[in-house]
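S.K.: Work the whole structure out from these sequences, hints included.
Chain by chain, the residues:
There are 2 protein chains.
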Amino acid sequence: MGKWVYTFGDGSAEGDASQRDLLGGKGANLAEMASLGLPVPPGMTITTEVCTYFYEHDRNYPPELEAEVNAALDKIAASTGRTFGDPKMPLLVSVRSGARISMPGMMDTVLNLGLNDDTVGALAENAGDERFAVDSYRRFIQMYGDVVLGVEMRNFDEHLEALKEEKGIELDTELTADDWRGLIEVYKELVLKETGKPFPQDPKDQLWGAIGAVFGSWRNDRAITYRRLHQIPERWGTAVTVQAMVFGNMGDTSATGVAFTRNPSTGEKQLYGEFLINAQGEDVVAGIRTPQDITERARIEAGSERPSLERSLPDAFKQFREVCDKLEGHYRDVQDLEFTIERGKLWMLQTRAGKRTAKAALKIAVDMVDEGLISEDEAVKRIEPNSLDQLLHPMIDPKAKTDQFAKALPASPGAASGEIVFTSEEAERLAASGRPCILCRIETSPEDISGMHAAGGIFTTRGGMTSHAAVVARGMGKPCVSGAGGVKIDYAKGTISSNGVTLKAGDKITIDGGTGEVFVGEVPMLKPELSGDFQRLMGWADGTRRMRVRTNADTPHDAKTAREFGAEGIGLCRTEHMFFDPARIMAMREMILADDTDGRRAALDKLLPMQREDFTQLFEIMAGLPVTIRLLDPPLHEFIPHTDEEISDVARALGADPEKLKNRARMLAEFNPMLGHRGVRLAVSYPEIAEMQARAIFEAAIAAAQKTGAPVVPEVMVPLVGLKSELEFVKKRIDATAKAVSEETGQTFTYQVGTMVELPRAALNADKIAEQAEFFSFGTNDLTQTTFGISRDDAGVFLGSYLREAIIDVDPFVSLDTEGVGELIRIGAERGRATRPDIKLGICGEHGGDPASIKFCETVKLDYVSCSPFRVPIARLAAAQAALG
Amino acid sequence: MGKWVYTFGDGSAEGDASQRDLLGGKGANLAEMASLGLPVPPGMTITTEVCTYFYEHDRNYPPELEAEVNAALDKIAASTGRTFGDPKMPLLVSVRSGARISMPGMMDTVLNLGLNDDTVGALAENAGDERFAVDSYRRFIQMYGDVVLGVEMRNFDEHLEALKEEKGIELDTELTADDWRGLIEVYKELVLKETGKPFPQDPKDQLWGAIGAVFGSWRNDRAITYRRLHQIPERWGTAVTVQAMVFGNMGDTSATGVAFTRNPSTGEKQLYGEFLINAQGEDVVAGIRTPQDITERARIEAGSERPSLERSLPDAFKQFREVCDKLEGHYRDVQDLEFTIERGKLWMLQTRAGKRTAKAALKIAVDMVDEGLISEDEAVKRIEPNSLDQLLHPMIDPKAKTDQFAKALPASPGAASGEIVFTSEEAERLAASGRPCILCRIETSPEDISGMHAAGGIFTTRGGMTSHAAVVARGMGKPCVSGAGGVKIDYAKGTISSNGVTLKAGDKITIDGGTGEVFVGEVPMLKPELSGDFQRLMGWADGTRRMRVRTNADTPHDAKTAREFGAEGIGLCRTEHMFFDPARIMAMREMILADDTDGRRAALDKLLPMQREDFTQLFEIMAGLPVTIRLLDPPLHEFIPHTDEEISDVARALGADPEKLKNRARMLAEFNPMLGHRGVRLAVSYPEIAEMQARAIFEAAIAAAQKTGAPVVPEVMVPLVGLKSELEFVKKRIDATAKAVSEETGQTFTYQVGTMVELPRAALNADKIAEQAEFFSFGTNDLTQTTFGISRDDAGVFLGSYLREAIIDVDPFVSLDTEGVGELIRIGAERGRATRPDIKLGICGEHGGDPASIKFCETVKLDYVSCSPFRVPIARLAAAQAALG
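Protein sequence lines, in the order shown, are assigned to chains A and B. Quick note: the first sequence, position 120, residue 214 per our numbering, numbers continuous. Quick note: the second sequence, position 533, residue 627 per our numbering, numbers continuous.
Where chains are identical, the list cannot tell them apart; a pair therefore holds if satisfied intra-copy or between any two copies.
Below, simulated DSS-like cross-link-like pairs (lysine-lysine); rule was C-alpha separation at most 25 Å, straight line:
| id | residue 1 | residue 2 |
| --- | --- | --- |
| 1 | Lys495 | Lys602 |
| 2 | Lys754 | Lys587 |
| 3 | Lys449 | Lys420 |
| 4 | Lys282 | Lys182 |
Derived by calculation from the structure, the hints in this document are not laboratory data.
M.R.: Here it is as structure tokens:
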């Protein structure tokens, strides 16, 4: 059996800061501070392993626990000279939760434990303040009653309010010791009535009750929700810290406060914090009294009249500043501190790494490198890659007044304002006349691409974080809010309604894709700025990472954006998006309707110059860099209209028989399009399509090279390959096309042919496929769909319950499933390299921009990751962190 | 470099019968016969490796080949005393193809090669028959012109016909030597005109032309199609055998014939065959003259007047019978022979294992065991498992006159006649009044199950071998013909049309699911009979195999059939089929419509007694055997109607609001149902469904055990598991239900909980999942869909071109893809056993009844295979063969 309890205090401790997993963040850092000789009230931490044991044994404790707790209490007694229930020197303690990662406000806390009808007198005597003592007792009954005994807080509040009304007063502070004493009796009766038992008087009983309540709170609804949102595993559990009480509310030489060693919002190197004289910690947070600034400088800057701690309690302040410096130097990071001053004496109650904005994080990291506190590598590791997203997009001005219309999923970050439009056509029309708009749709489909491009942002009422709208918007770097279930769009009436508010087309709204909020009207915004700190840190990251970072880009606009963000090539250019353009879709439909190869070739001949022009532009932007182009992937029915009316329109435009078009649509319809006639299967059925695309690519490569002088190496990617023979079939035709183009033009050029590994069969047979493929790009979107057997379009319905029931920790479409999909990548990389040691390996798909997934990619030594343009900086940083291990 | 040419003749040979891969079947057996000292005209075989070289080198030969061929010709010359072009003793040869597996009639043959304007005279002299010599020469020009020079046969025929017309005669035999001589000149002119070159006179040139033509014919259209149909790989190639000619047409002491050492249709131990006096081999096959029986016994039985070989040429017959006995004894199998008697001397031209009917194969194998010729194990290996299918179903009487209506895919074997019906309801109505019917549908869906049960057979115009209709029909053992593309069904008019013939509901048709034929009217049939030979052979198989054979059965009828066929339990009981029953689907829909858990439970309470009764019946039939029951698998929308009209009807029946039902249908609709909200995902969302099913299973197990005294061990199978945590979630509820049932009834029972491994992720994580699973059943239908990323319902469109282009050899839904799906099974089995060495492993799904797949299952040591009832004998035999290796 392990050790269940760790003590700390008096300049020493059994644990240290490295033991967060066992002692929780709070317990580990209290131990560390105690060992550093800082003033920490003595206490003990009951480990997270007890929490695990507790839930595995039907809420019972390990048999050894009681003895260990008692021994620790003896130690606290020895240090403080106080024992539980002692009529002269009673020990009072706080009981707090502490998980590996802070979950603020999610779990329960009990203060002042140890007070009872007897010890309250001793507290009064010790403190020389009777009112303080009885106030503490009634707070304790209230808190313990609520947290441990399950008597709702509002029951206590009712009695308190009644008393104040009876006395005709408004503030608690006006109540006397006698008033509190009377209320204590009322409270005790309330507890008896509600629980059938008297309020426990034995401090030990109180303690065990509180410990059980804290462990129990690990599984309260709030905590479960919080963990789900923050992807904190259930099994981690919480520790419980029991610590001798100190009081910031023992008169005017007592105080309590919170502070950061640097400004968490700007990163400026200034002590930053707030405090209250004669108060308990809860009061600072509760916001009933306005807190005071800690430093004189901050007070002056804020123009405040209330005295600073620096002025009010200069000795304690001086000591506190020394503690701050010591802790920052020790942890080599900004600290977020809680402290209490009891009658002039400083006590440290908590320290932890301070949460900060992305901007502050960059400044702090770069400053600390300049200060010699940390290395460049450490600076790189300090920045949460996803946090960079904040810096790349416009933001709602935090000071702006807003009128919330709806709140849904933050599907693609950034904010945008504009007129409401309900159709792609309308979006394009407004964009053409320079009027910003927000495209509002129940859901989007590939036909909406041009409208999504035209709009400033997208808002959908259906679909999750990985819906079509969300994925495409992130790809474009457009703000998107999706899945607003409660919002109703009526296309016919041209209205959108939420909570009784109805807006119509042309009304202005603002969406915040970083929070999922939608506001009525235009809301002021802040422009993104990439500071010098950003550039320096990214430079260090680029010097560190091993993997290249490419981008997924289908348009010159995306390609340019990505280059500005540091992309080193294109990892995925999806050619089908090019065909949805209204000018082109007609030729595409003509091809689909053609009766034979000749008819198809005729239609393809119309598409060829357009495709060539697309690629020429991309190749010019990516001069000298590699560009991976995926051959046509989606099933042909995606290009054909579905309703009878649309079919008639299209047939008219094509000069075709509507019945024929209808028939073709019926023939192309599929039960499971995801697993249907698409990818390489199209190229096998209609090799002329692949030939046209290959020709466009090679002709463009020549044209662009002549302009820029820096040729790209086009990588022709055949999608959805499962068999070597499939790739062989298509590669033969691509090679023949290359030969033909080279002969016709008299130009030579370099290219590669490879495949997207997005089927389990491809990964398993990577050794054979690598005989034909010069590169693999792991298409983890589809690989996730096939490995899990989950349709991304349909998964929303049940993935919710999976997360809720903790069957999965994280949506596998958001972060790579390393045990399943990752295992296939590992197998694919290994077998591919066995055949062709220098095979180029990359990842495209959503995971290429996800830091956790990028970390995995480093472990299997992929050559590059590819992600949407706005995630390129994130990927660069994440790749650097992954390389640092 | 290897050796390219193998000679044989004169009692010795360079090759032998084991070298089929190198020498082709024909060449290997000629070599073997020569070594046995049998009379074989001397010759040489150019190996299949030359064929491979030929195609890999742009139709050029290895440089050493010419010298090797010349050396072999010298050897033939030494043996026969004849050389090419010799004016006295010219050598004439035949040039024939010979693949590893016989491809009758698919490739080209040239006879009489070596004849030219000079040697024809020597032939006449040698034979003492001028007409014979010039007839041989004109045959040679005709055959060589057609096969080697590309002059179409009908050009020659036109001249021949013109000549006969001119002479006013009908039979070739009436033409004189002079007539032939004249025709030879006409033919030579024709060749000159068509090819621009004179007919080659140099026998060596003739030979190389013929060799090239035979190798070239490996890739003619007929051969390609044949290989595709018979799954013969392209890369095998053909050998070419060049052999000295012998002549069965040198007068009345010459003859040619074919024979089987036993009757290939009944298996009876009697020499069986046909011959013609004064004829070449081609004449026997061509059917212009009616051949004679070989034995006197056969002649008498057939009531023929034409003399037998036994009578006509008794010496040659005696020698031939000895050769037959020697070859059968040597090969220890029935031989299919070709022979020629040249002026009383017997020459053997071919021997190979004789093709035989399933019935004959059984009798021959069992007889040969009794004769001590082969062992029981060998007998087991001799039977092609799939051939047993012929014995289990009624067959169209081969002697019946038929009127073909259509021909499509042989989707499920057996024949059936009945009235045409177009709806399930109609099928049930007719069945209820005892009228056999054939259900004709464009395609079938799960709602047609009851109609398919009621009908005697199913005929669909869409869908392939693995369509819903085909799979379900095979499961039921019902004949089915599917995918009749050219046939039109008009539901509104109640008609079905093919090639201008229109039939209507009520008209009678007959379908043959073994051939894909559909006939107008009722065709007489033969009943299946399982002979004593069958029982004995299956007994040997059962004694040999390691794997158990279970069945996939959902109904008592299927379960009983399977037991009769020797099933040793149920490997897959699909519970959803039980819910499509009209009486139950309403309760099912009520459940789907329920707003909350309570509503669902109320509806499930109605289903519970029905489910329990289903299982009780199955458990009684399977007394003492294991039964695997799969929990509800399909997405719920399969139980809901789709058209507005049907929705209204159902809503009325349920007393529900049609709008609500419509809404629910809309919400349940999925883009990719195969990857949607189904399997274990349903059990996670609605645990109460799994609980109801588990309860029904356990209560039924108790009830059945009380009746039969031989309890089954129910194996509760959770489908579509990808994560250990999913299974854990459901298993907890199943275990709790078992505990509850046990407590309520006071009965104990044994059960297991396991999962279907049908997702790549499950196979890859089998080690973790096995912590929760007591058994795995590899669900290879879905595993194939996910591993390949191919929807079975949609694959028909492109799998055709895949087979045509030789991108795949065989439909992976028919025979297990061992490299992809099989790799996952191997990984799954290995990792599952690593965690739980005694984990029970099986396979369900279509592949469980496919011999090639069963062979694979033996290599990974699965414990059992499970297949549809009618495939149980096939699986038993295939499992035995697999065990024999």
